[in-house]
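Q: Work out the full structure: start from the sequences and follow the hints.
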Amino acid sequence: MPETPETPEISYEEAREELISIVQKLETGGGTLEESLTLWERGEALAAICQQWLDGARERLAAASSQSETVENGTNDAM
Numbered sequence: 008m009p010e011t012p013e014t015p016e017i018s019y020e021e022a023r024e025e026l027i028s029i030v031q032k033l034e035t036g037g038g039t040l041e042e043s044l045t046l047w048e049r050g051e052a053l054a055a056i057c058q059q060w061l062d063g064a065r066e067r068l069a070a071a072s073s074q075s076e077t078v079e080n081g082t083n084d085a086m
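Count along the sequence shown from 1, add 7, and you get the number used in this note's numbering.
FYI, nobody ran anything at the bench for these hints, they're computed from the structure.
Ideal Cβ placement from N, Cα and C applies to all residues, glycine included.
Check each hint, because a few of them may be wrong.
Estimated spans, in silico, between C-beta atoms of each pair [to be verified]:
1. Gln58 / Gly38: 21 to 29 Å
2. Glu16 / Thr39: 23 to 31 Å
3. Ala64 / Glu34: 23 to 31 Å
A: Okay, structure coming up:
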């Protein structure tokens, strides 16, 4: 996905992997409250990045599906 002002700087896969790592650290515990809060905040940011990527993918699929239906119905102006 090309980067636009709304596109996250890291890939979906990178954000997801880091989020998984954070969840594991939080589940294990052992850190200070401040460390846990910092991890939680980063996790929330990563979850938002993942959601942004997924929303963008859904939009692209919907656009491709709509375009495909237009071509199948013979209503494409280019044809």
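Q: With 23 to 31 Å as the target window, see if Ala64 and Glu34 comply at their CB atoms.
A: About 28 Å separates the Cβ atoms of Ala64 and Glu34, which means 23 to 31 Å holds.
Q: Between Gln58 and Gly38, is the Cβ distance one that fits in 21 to 29 Å?
A: For Gly38 against Gln58, whose Cβ atoms are near 26 Å apart, the range 21 to 29 Å holds.
Q: Using the Cβ atoms, figure out if Glu16 sits within 23 to 31 Å of Thr39.
A: The hint (23 to 31 Å, Cβ to Cβ) holds, given that Glu16 and Thr39 are roughly 28 Å apart.
In summary, this structure violates none of the numbered hints.
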